[in-house]
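**Student:** This is what each chain is made of:
Protein chains: 2
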Amino acid sequence: MKVATIGTGFIVDWFLTAVQESSGISCVAMYSRKKDSAKPLADKYGIDKIYTDLDEMLQDEDINFVYVASPNSLHFKHSLKALQAGKHVICEKPFTSTVDEFDILVDTAKEHHLYLFEAIVTAHMPNYLNIRKQLPRLGTIRMVQCNFSQYSSRYDKFLAGETPNVFNPEFSGGALSDINIYNLHYVIGLFGKPTGIHYYANKHTNGIDTSGVAVLEYDGFQAVCVGCKDTRSECITQIQGEKGFITMRSETSKCADYTIQIGKEKPEHPSIQQNDIALYYELQDFRDIFKIDDYERCLQLLAYSRTVMEVYEEARRDAGILFPADRK
Amino acid sequence: MKVATIGTGFIVDWFLTAVQESSGISCVAMYSRKKDSAKPLADKYGIDKIYTDLDEMLQDEDINFVYVASPNSLHFKHSLKALQAGKHVICEKPFTSTVDEFDILVDTAKEHHLYLFEAIVTAHMPNYLNIRKQLPRLGTIRMVQCNFSQYSSRYDKFLAGETPNVFNPEFSGGALSDINIYNLHYVIGLFGKPTGIHYYANKHTNGIDTSGVAVLEYDGFQAVCVGCKDTRSECITQIQGEKGFITMRSETSKCADYTIQIGKEKPEHPSIQQNDIALYYELQDFRDIFKIDDYERCLQLLAYSRTVMEVYEEARRDAGILFPADRK
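The listed protein sequences derive, respectively, from chains A and B.
Each residue of the first sequence is one higher than the one before, counting from 1 in our numbering.
Each residue of the second sequence is one higher than the one before, counting from 1 in our numbering.
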């Protein structure tokens, strides 16, 4: 995999660290509108080529994968361009702003038998995959709760009157898009699509949600997803079954530490020490799928991403949060 | 205060322990339909009189207070009878099944200048009262989460086909009435009446909620109240403000242990070791209010109870949980 990146935020830094840790993957180019924005990362990771013209980069035959980490609203446009240029794509979460955009990307990828991956760390974490295996031990599930709250480094600026992308509806920002999306992935990855979707958001005057709670109704149980960019808290996720419960003391992006308690027995601590590099596991999976050309697996992951996109869009609309992509 | 009890459940045992610990309060009689049901507790606490005829007990001039701890649906009838007989009343939570019933009790109490107290432990806990004082330090509140989950000792019987009172709509049972009511008191006692009320319940075929989540919408923040009688979990309550957050690692009925974290400073541990006897603090308050004849304070507490009753009834109806009292 010879990857080029789009975007220069801190997530790209993390991505490049994960690339460095992974065999069979290298980063060969970066795109940024301004060369200076990409230079520090290019220097840090020894990347020779910086493009300031995206079309030019997409013609570079040395590149076969594009990692899209631009502002949320541009994920669709950049991913589509890359696919149309014949490149495979790894796109950051949230995948797109709408299901319609998502479907266009998938259709384009399928048409050219190109790989299209959503860079959502949760779904690839060993602890998360183990939690899924443990679920039958909990008996009938009755309640799921996730809380992922992280005071945004840009929130002070936002309160002071600026509008950083992450709090800008024009860039498909907000707490649901940016942080609660991990909780949605966590829950939907375990339990599939809910039958009812509600989102109660704390909205700024510009219409963006700085925090909120999504209630996902399932047959026989409820899942509550809290995501906040305006406050801190302990991030705790619990899955409650009639026979036992799982408590995870970690963000749903990390799945770092969890215990299982069955009945009144002592809590078990089956969680493993995972690699600290957040994007490590997803990259291993993408590489392996690509290596053995397991396109079926790629489509499976896309089907799961689509369910998340459906819930995400419905939750967003339920709270009256509108993005430019809705006007298309 | 010379108290007579109605009911023989474990809560009466706790109440009598608290009476024993309190100066200025004694229990002089117990009512039970069957003498044998009350005898073990009467023996344990040295109570001489057991009545099997309620009207007879209410004529006993040695009694000035009645503690009502019958099944939920009977709180109204028993409290009303006691008030009409000229007795002061301490009524277990949930106060009544409807706001209409509540209003009749309050009107009757006022008419005769009788004291009427709701036995809700949360509102009288020192740690809870201290949390209220700390709230301004948290800045603008954005999110509140309560989880009180306790696997009911009667749930196995319920699953096996029996219908214990606590899971019977005829007795105004269910998770909202029995356990989530503590969370409602916790939140409403701190923040008053919400502007929006939603209850997503897991309902048994008999219509009762074995668990559920109430979302209370406030101006600028959300409060999420999870109450389960069909599963266990760690009971954790968090209050998230822009400047800091409070994490309480305890049921909202106990308020046993909490920490405050402001910004990125180290967590503070201001919670005190409270008396283990759950009903101790409320009894002290009732005794003191009665002693100095502070009827205003009694009415203040009733005003707060009414707000809880309004939210409780609206949440219950939102989930389509109907009680006999609704048909009146």
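Hint data in this document are derived by calculation from the structure and do not stem from the laboratory.
Check before you lean on any hint, since a few could be wrong.
Chain copies aren't distinguished; within one or between two, either way the pair holds.
Derived EDC-like pairs: lysine to aspartate or glutamate, alpha-carbon spacing no greater than 16 Å straight-line [stated by the list, open to error]:
no., residue 1, residue 2
1, Lys264, Glu234
2, Lys81, Glu56
3, Lys77, Asp293
4, Lys291, Glu162
5, Lys328, Glu296
6, Lys49, Glu61
7, Lys243, Glu162
8, Lys157, Asp285
9, Lys203, Glu217
10, Lys264, Asp156
11, Lys110, Asp318
12, Lys193, Glu21
13, Lys44, Glu162
14, Lys328, Asp103
15, Lys34, Asp326
16, Lys328, Asp156
**Student:** Please go over all the hints and tell whether each is borne out by the structure.
**Tutor:** Structure-based check of all given hints:
When the C-alpha separation of Lys264 and Glu234 is checked against a cutoff of 16 Å, the pair qualifies only between copies, where the shortest distance is 12 Å, while the shortest distance within a copy is 25 Å. Taking identical chains as interchangeable, the C-alpha atoms of Lys81 and Glu56 lie at most 16 Å apart only when both belong to the same chain, with a minimum of 11 Å there against 86 Å between chains. When the C-alpha separation of Lys77 and Asp293 is checked against a cutoff of 16 Å, the pair qualifies neither within a copy, at 26 Å, nor between copies, at 72 Å. Taking identical chains as interchangeable, the C-alpha atoms of Lys291 and Glu162 are never at most 16 Å apart, the minima being 45 Å within one chain and 58 Å between chains.
For the identical chains of this complex, Lys328 and Glu296 are neighbours neither inside a copy (31 Å) nor across copies (60 Å), given an alpha-carbon limit of 16 Å. Proximity of Lys49 and Glu61 under a CA criterion of 16 Å is satisfied intra-copy only: 13 Å inside one chain copy versus 95 Å between copies. With identical chains, the CA atoms of Lys243 and Glu162 are never at most 16 Å apart, being 49 Å at best within one copy and 19 Å at best between copies. Proximity of Lys157 to Asp285 under the C-alpha cut-off of 16 Å is found in neither arrangement, the shortest distances being 37 Å within a copy and 47 Å between copies.
Only between protomers do Lys203 and Glu217 lie at most 16 Å apart by alpha-carbon distance; the minimum there is 12 Å, versus 23 Å within a single protomer. Taking identical chains as interchangeable, the C-alpha atoms of Lys264 and Asp156 lie at most 16 Å apart only when they sit on different chains, with a minimum of 14 Å there against 45 Å within one chain. Proximity of Lys110 and Asp318 under a CA criterion of 16 Å is satisfied in neither setting, with 31 Å inside one chain copy and 45 Å between copies. Proximity of Lys193 and Glu21 under a CA criterion of 16 Å is satisfied in neither setting, with 34 Å inside one chain copy and 53 Å between copies.
With identical chains, the CA atoms of Lys44 and Glu162 are never at most 16 Å apart, being 30 Å at best within one copy and 68 Å at best between copies. Taking CA atoms no more than 16 Å apart as the test, Lys328 paired with Asp103 passes inside one copy only; the shortest distance there is 14 Å, against 54 Å between copies. Taking the shortest alpha-carbon separations for Lys34 and Asp326, neither the intra-copy value of 29 Å nor the inter-copy value of 67 Å comes in at or below 16 Å. In this assembly of identical chains, the alpha carbons of Lys328 and Asp156 never lie at most 16 Å apart, being 32 Å within a copy and 54 Å across copies at closest.
In summary, the numbered hints that this structure violates are 3, 4, 5, 7, 8, 11, 12, 13, 15 and 16.
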